[in-house]
Amino acid sequence: MAFKQIIHSKKVLAFLAVFMLLGTNMLMAQTTATADAAKPGVDWLGVGYYVLLFFLLAISVAVIGKILKVYDLSQQIQGKKGIHWNNIMGVICLVFLVVGMAGAYWDITVQGSMSLPEAASKHGVKIDDMFLTTTIITMIVFVITQILLFVFLFKYRHSDKRRAYFLPHNNTIEKVWTIIPAIVLTVLVIFGFFTWQEVENSTDVKGQPASINIDITGHQFAWELRYAGPDGVLGKKDFRLTAGANKLGIDYKDKNSMDDLQADTLVLPVNKTIRLNIFAQDVIHSVYMPHFRVQQNAVPGLPTFFKFTPTITTEEMRRKVEDPKFEYLLYCNKICGSSHYNMQKVVRVVTEGEYNQWIAKQKPYLTPALRTELKLASADQNKSITNNRLALNN
Amino acid sequence: MSTLSVQDHGVAHHEEGHEHHHDTFLTKYVFSQDHKMIAKQFLITGITMAVIAMLLSILFRIQLAYPDKAFPLLETLLGRFAPEGRLDPEFYLSLVTIHGTIMVFFVLTAGLSGTFSNLLIPLQVGARDMASPFINMLSYWFFLTACIIMLSSFFIQKGPAGPGWTIYPPLSALPTAMKGSGLGMTLWLVSMVCFVASSLMGGINYVTTVLNMRTKGMDLWKMPLTIWAFFLTAILGVLSFPVLVAGVVLLIFDRSFGTSFYLSDIVVNGQVMPFEGGSPILFQHLFWFLGHPEVYIVIMPAMGISSEVMSVNSRKPIFGYHAMVYSLIGITVLSFIVWGHHMFITGMNPFLGGVFMITTLIIAVPSAVKTFNWLATLWRGNIRFTPAMLFAIGMVSFFISGGLTGIFLGNAALDINLHDTYFVVAHFHLVMGSAAIFGMLAGVYHWFPKMFGRMMDEKLGYLHFWLTFIGAYLVFFPMHFMGLDGVPRRYYAFTEFASMQRWLSVNMFITWAAIMSACAQVAFLYNFIHSIFWGKEATQNPWQANTLEWTAPVERIHGNWPGELPTVYRWPYDYSKPGAEEDFISQITPLSETMSSNLPHDFEDNPAGLEALNTWTNTQKANEEVK
Amino acid sequence: MAQTQQEDRLNLGAKKFIMWIFIFTSFMLFAALTSGFIVYSGGSGHGLNITLPSSFRYSTIVLVLSSITLFLAARAAKRLDYDKQQRFLWVTISLGVAFLILQVYGWYTLSYKMHIYLVDPNATRSFVYVMTFLHLLHIIGGIIWLISALSGSIKRIPQVKNLYRMEMTSIFWHFLDIIWIYLYVFLLLNQ
Ligand code: HEA
Ligand code: HEA
Ligand code: CUA
Ligand SMILES: [Cu+2]
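Chains as they are written, first to last, in the working numbering: chain A, 3 to 396; chain B, 674 to 1300; chain C, -6 to 184.
Errors might be hidden in some of the hints.
Unchecked claim - Below, a sample of chain B positions facing chain A; criterion: calculated Cβ distance under 7 Å: (1) A870; (2) D938; (3) I939; (4) G1027; (5) K1250; (6) G1252; (7) A1253; (8) F1257.
These aren't lab readings, by the way, just hints derived from the structure by calculation. For every residue, glycine included, the Cβ atom is placed at its ideal position computed from N, Cα and C.
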């Protein structure tokens, strides 16, 4: 019986091999064919190939299953025990442990090294320290517990000769393994809490120069930047004033608004404290600058901000990551609609001299077009909001 | 024989004349009020939804792996949602949203709690049925309605809801913001209201049944851990789902009546909207006040099932039964005060963030207790590798891995950079998409004989387990590193960023691993369906387990036990007791029948029993000396 | 004895428990709304800043009265005085309907007299509408319970069941009463 089955399955296997060969050939042909065929038509052959492949796989699984069953039965008829599935599973568990651990290690070294380069901001370094501590602690826990789990499975796999050890509880050891994690977590909590407090600390230190204020506004699907002009102060905004060229709703009754600048790239001077004031116009977006370990949601109706100090210029970073085209990026990290996946802005960290040069070249928001649109005479500052609105509505 | 007669079926629903049951097809299979049948209905609906949600995940995974390739088949299948064989970006978001919603709510809340609470609560506490079978039936029908409404949104012009399963307004509140915020979103909300109604009806029933309908001798400390888990889960649901309703009602008002609960300062496409004064953060508070307990609603039944399965199959009492219960209670209580960890970077007060961080990390302590107790249960056991046991073990392995990544996220400072990246996706798929799903599968394999009177095939179970176990690790482990590189979630493609393109090969790998895991589910489905009809007939107690459900006859009768309800004398975990003949002693075996294996510990609050034990051991000793 | 046995068989104790848990869930709903209110008004600096229409005051009185008449009805039912039970149930139902009307009238005054609409940049005001609306939905449910108790009494269903319906109705109705007082006091405090 069993013999027959094997022959049967060999046939199937041979068939499978031929099929695979033919199939790959066909598929190759397909790809070259579709390359120049502009009009997409359903490639039923390709689809059918995969479906058939799956069917064949299922059939071979069924055949193997049958063989196993028959073998088991024949053994039982001969009075033997049949396959010791418990042993097999125990061994697979052990194999899984070894291979899994090796795989995890490989993954951590290979893909782990693809993760972000060193933090390019002051607070980012602290976050990275915190991250390292957490990683070490959790790695230790991970390795120990997984090893225990799978080794126990192998070691205590079923045997008719043995009985399990009746052990309902043991208060001492239970206390130990409640208290130890509690202590470890207390350490993590305290460390984390202070890191968090430092990162989120938003008061300017007295005596040091005030941080540079930059407005960033998210909307579907782009970011708008606004730098303060020579006066160093950003003017007021009111969403109701948004119209036409005044796409941020800047309030030009406020004198401080007059010289505010617009920019395409978020250029930041190195080693200066930056305060990003974050706004959103339509839905929630999120300002995410992973290299600086900065993220803050942009919420309509709820202005937020993030304060940080970049420490590595783009040039330096390019050298560090050995990529001459490297750019820091700012992108949107809160689902916001169809182009959520492409809502980015280049961030460039430069020396102070370069920054001053750059900012001198930026254009004010109040373009001549906007000026006429708002009917703003340069000296006319007395318009009330209602007037303004009237002007907008015409 | 009043005990034999079946309980009444309804509150205000003809109370008389129900003693005789003429089971027609309709009352037996469709409008059934028998908890076992309702459990099966939940299970099969849940599995159907799981398969659908899984297929959705494969669809969007293909997009992530081959962002530049056209698949004409997709256009044939999806029509306008995949013009020229490539998914529409908004439809991608809809797929992700519906995938998440179905998996969390329909598969793991209704499918898991609905199935196993329904099946096991009456059977394991020794009741004839739920407290109110009628409400129980309604609960299923609301659930089914919710499923149908949710799926129907695929057939409307603009497609299903798209703002993520967390439906944060304003995106979900402004129909103009994206296609998925239109009618699809409305259907989502309606479906969710039905779903909450179903969950509440179920939960209310479970709590009541556990508290009021336990059989004689079944005090709280004799309940199996499954019951404890379902009970606490139901309490979580009953307390947190109404909060979601409140949040959803306000959202509906914002969408349909123009109120500004969540909306303020909005300009869409240069058009100033009239909303003022609202707070989008308010919704997030209301949502996560449910949302966080929800993730424990999802994992606790899986924990209970795994505990039970692991104890039975390692032939050993669960280690630290009391500690297991207290840690469940601890998780239940703590889960209400950690919701803010989803909102660390929304602009919430940083001090509040710090507080939430502390509570979040504390929740790892009860989880640690559970983990170590599971390990101790395996230690020196006599482990039988049934498929159920394997899945329970897989659950533990995934829970450790996923829980540990939760420790990173729970740290507010680290969350700044990890929030909404693939690191989060990896975290919750490990704990939820893997651990909780594995708990559910363990339950299916273990209680299949109870539900269908037949056994599932073990070998196919092994195949299913290993492929899924390895597959899930392959899918979700690499995602951590994408997250650490700052790759955001809910991105239609990573082609727009030079820095993300190097993850393409990883994405391809993940997709193929996911396809493999999905194919492995075919083994399960075949096994499941085949075994329902042609499986080997089950014996009454196929796993040699102690709990009450295995004392009920294999034929599933209305009322569960013929004759008297069983009386309970001991806790459910007397496995491999020294001195006992067999390695298990059913809960209905009186202590007086097992004198040789009784321990002083068994008589903790029963001095008379202790006395009897002492005299018995003394005579035993005396006899030996005589010899 | 016979009675308790029947009660056991019908599982009425457990069903009463169901009502209690349902009340918990309802309570959570309103608690969520009120905490939402607090979070909102705290975060946005908006207060209610209106005097609630006087009809809410009257409706409170009406609802308290209805609780009393329902209590009397339940007592009459226990004493097997079905006529009296029915009479008081009728009164309760009409008080319930009166409450409904007063609430709607309250909305009318709010919007037409005081020009405080559902749609308002100050969402605390919208909250008033939503809270009263959800409470009214519950009241409608409560009235249905009252009617079922009344019809049961008229149809002379067995006393166990009559009492059971009365009790379920009472639990629910008194709860609605308390919830309304809670909401009203909450709104008054935030006026
Ligand atoms: C079953 C579901 C489930 C479970 C059980 C958990 C468990 C935990 N989760 Fe998770 N979580 C989700 C489902 C779940 N989560 C989902 C769905 C989301 C995303 C929602 C979305 O945005 O779409 C999420 C998101 C999420 C976030 C938000 C991330 C973000 O958006 O920025 C955070 C942050 O704190 C978090 C933390 C935790 C923690 C600390 C635990 C802890 O309970 C884990 C405890 C367990 C262990 C720690 C392991 C075992 C313990 C030991 C072996 C002992 C020793 C350990 C130590 C000493 C460290 N989770
Ligand atoms: C239970 C929960 C669950 C499960 C099982 C899964 C399963 C899978 N998930 Fe998903 N997923 C979520 C819950 C879940 N997911 C949630 C909540 C989100 C967030 C949505 C949002 O952002 O709004 C999400 C989002 C999400 C993303 C992020 C998309 C994005 O942000 O752009 C991705 C990407 O790869 C993904 C992939 C997958 C894959 C490949 C699978 C699997 O297909 C993996 C392979 C298969 C298995 C491991 C077997 C599972 C078995 C069954 C389903 C059968 C079960 C049978 C019974 C229960 C009896 N999921
Ligand atoms: Cu903007 Cu996502
Ligand atoms: Cu959470």
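Hints violated by the structure (listed by number, smallest first): 1, 6, 7 and 8
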